[in-house]
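Whenever a hint applies, use it, and build me the whole structure from the sequences.
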Amino acid sequence: MGILDRLTTMIKAKISSFLDRHEDPRETLDYSYEKQLELLTNVKRGVADVVTAKKRLELQKAKLESNIEDLNNQAREAVSLGRDDLARIALERKKDSMAQIESLTAQIADLENEQIKLVNTERRLSAKVEAFRTKKETIKAQYSAAEAQVKITESVTGISEEMADVGMSVQRAEEKTESMKARSQALDELIDAGTLQDLTGDQTKVEEELSKIKSSEEVDQELKILKQQVPVKKKAKTEETPEAQQ
Amino acid sequence: MIVRILGDNQYVLDSKYLDKLNELDNCMVDHLSNDEADKFNSCLHEMIQTIRERGTPLDPAEIRPSDLIVPSPDITPEEARKLFTKDGIIPG
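Sequences listed follow chains W and S, in order. Residue numbers for the first sequence follow this note's numbering, beginning at 1 and rising by one. Residue numbers for the second sequence follow this note's numbering, beginning at 247 and rising by one.
Hints are supplied without guarantee of correctness; some may be wrong.
Claimed, not checked - In silico SDA-like cross-links for lysine to any residue, where the CA-CA straight-line distance does not exceed 20 Å:
#, chain 1, residue 1, chain 2, residue 2
1, W, Lys135, W, Leu40
2, W, Lys35, S, Ala307
3, W, Lys14, S, Phe330
Unchecked claim - Taking beta-carbon pairs under 7 Å as the criterion, some of the chain W residues facing chain S (in silico):
#, residue
4, Ile3
5, Arg6
6, Ala131
7, Ser155
Simulated from the structure, these hints should not be mistaken for lab results. Every residue gets a Cβ at the ideal spot worked out from N, C-alpha and C, and that includes glycine.
Structure, rendered in structure tokens:
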């Protein structure tokens, strides 16, 4: 038995068990319609979830991109101060961030795709639900329970198949959103742990060291100016000038 | 006949393509049991493409059951394998 046969049989079996649930086939119509509306709400929620997950990844990406700029500047600064060791750390972090950005870009594209698919699904299901509603009222008004049987079976089977399909799409989207959420959480934790630079967090080691070097340079500079302004007393030697000591 | 591609749409397709679809279906099953994901995917994509190119999408407002249901274009071999287990892939 091939994949198509299996899939078709499986879905049809599920639908016929749904059809057998009610004695009066007209009840099946109402019940099915209720389920359709529920499903439509689920699809809409699915779209919203995908959008939220995508936005979160986009924010993380933007954050990492601005980190890269900072790390570039830090590396340059470190090199100009002769601190190749710090430059290396900054460049390594930059490389990590770039790899993360690449993977985030792929994930965002994936979610974008999922969003488009779900929006299309929603549109199609809406059209079908509306058509079903009209059909349902016509069937209920024009036929007795016995006569309506065939018409009901046909339309409920058709819409149930759509519902099974949409249900699977929503589930797939949910699974994808969940796994992206987990991954983006892991990335947040990575940023918090300091493996990657977090702009809102504490200063990184590179930044700290650079600012230390900078402040000692500034002190040297100030000292130089001070020395020019304050005349050294004739008696005292340079090292003994108290103002000049650090 | 009416063919549904899961997660995509329903298409009206001439029955003369049924042999072609069966052939590609067998191709998928073979590669599934041999663990050849790439070949499995290429058969699947050829199937999807055949339906999309040779068929016409069914009007969304028309409610009709399909004669044949084809997996979603992004189904993985793992998911396809579940079709052959007791639980299947349909939720609920």
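Hints versus structure:
no. : hint               : result
1   : W/Lys135 / W/Leu40 : holds, 18 Å
2   : W/Lys35 / S/Ala307 : holds, 18 Å
3   : W/Lys14 / S/Phe330 : holds, 16 Å
4   : Ile3               : holds, 5 Å
5   : Arg6               : holds, 5 Å
6   : Ala131             : holds, 4 Å
7   : Ser155             : holds, 5 Å
The structure fails none of the hints (numbered hints given earlier).
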